[in-house]
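Participant: Sequence:
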Amino acid sequence: MDLGAVVDSVLDRAVVPGYSRLGYRIRAHSWTGDPAPQALRGKTAMVTGANSGIGKAIAGGLAELGATVVMVSRNRERIEDARTELAAEHPDAELRAEVCDVADLSAVRRFVADLGTRLPSLDVVIHNAGLLPAERTETADGHEITLATHVLGPVLMTELLVPTLAGSADPRVILMSSGGMYTQALPVDDPEYRIGPYRGATAYARTKRMQVALTPVLAERWKPEGISVYCMHPGWSDTPGVVTSLPTFRKLTKPLLRTAEQGADTAIWLAATQPAPPTGRFWHDRRQRPEHYLPFTHDSGADRARIWAYCKQAIGLHDS
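Each residue of the sequence shown is one higher than the last, beginning at 1 in UniProt numbering.
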């Protein structure tokens, strides 16, 4: 019996110790190796939501491994400040600040079209941008904002970037999910959260469930271009987003929360480790994880097909 695997599984199912800094520290002892120094030299990686928290930590970790990092945020001032701070920490790194609101599908199309004229290659895309709204809000396109930010925008952006990613010898796409998705079933009948009382935390978890459900679908879709697709969750990390959106949760759990760097670890590992991990899977702390713990959250292939069909319609994707 692999005692380490048993401890790891117990931590995962116990939630609080597994998602905390304690779980990270215990699991880190069993990791066989970090990505090689300069593992990403000569490669270009894009990180959305890179102005603070886990996204900024991911950008710094990728820069440390030698990547050219395209840092994306919807706020020009914040992303420029973050780039300046990381440049001071990584003076030899090439860091680029870009502006795009991933919830705005028209902005995503303009961004990718413009970037394509300036970015000759791309090897890694990490979709980290996220939000947890207090009230139900719709984007200019008429979509519920967490759905647009966590699902529609990232899928559209990646779809438009496929020709560029296909030029890489080892392209990888990573979706930043959340352990909160374990509490929600796939909302096949109400993806836009129009039915019932709205709760921001529920909207957040529902769309994170969608990311997990769509990962194998997207992995199969982009397989001909050699693109590996991963979904992962960072555990509970102390970030500006938690301070703003979940103040009570943070007050109760602050001693247990991971650092942003600990939350970023698995995303960096998925981007850089060799050989590439199996595509289409869900990860946490460098290991594949179950997609479901609660029976009512299980979904079928037909459910995933319905959500995928809705997403394609919403972003205007028409397969030939």
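Simulated from the structure, these hints should not be mistaken for laboratory data.
Treat the hints with care, since some could be wrong.
Unchecked claim - Just the calculated beta-carbon pair ranges, DEER-fashion:
hint: 1; residue 1: HIS29; residue 2: THR253; range: 21 to 27 Å
hint: 2; residue 1: ALA169; residue 2: ARG25; range: 33 to 39 Å
hint: 3; residue 1: HIS298; residue 2: GLY42; range: 39 to 45 Å
No residue lacks a Cβ here, since even glycine has one placed at the ideal position from N, Cα and C.
Participant: Within 21 to 27 Å or not, the Cβ separation of HIS29 and THR253?
Facilitator: holds, 23 Å
Participant: Just tell me: holds or violated, for the beta carbon distance of HIS298 and GLY42 against 39 to 45 Å?
Facilitator: For GLY42 against HIS298, whose Cβ atoms are near 42 Å apart, the range 39 to 45 Å holds.
Participant: Does the Cβ distance between ALA169 and ARG25 fall inside 33 to 39 Å?
Facilitator: Between ALA169 and ARG25, where Cβ atoms are some 35 Å apart, the hint holds.
Violated hints: none; the structure is consistent with every hint.
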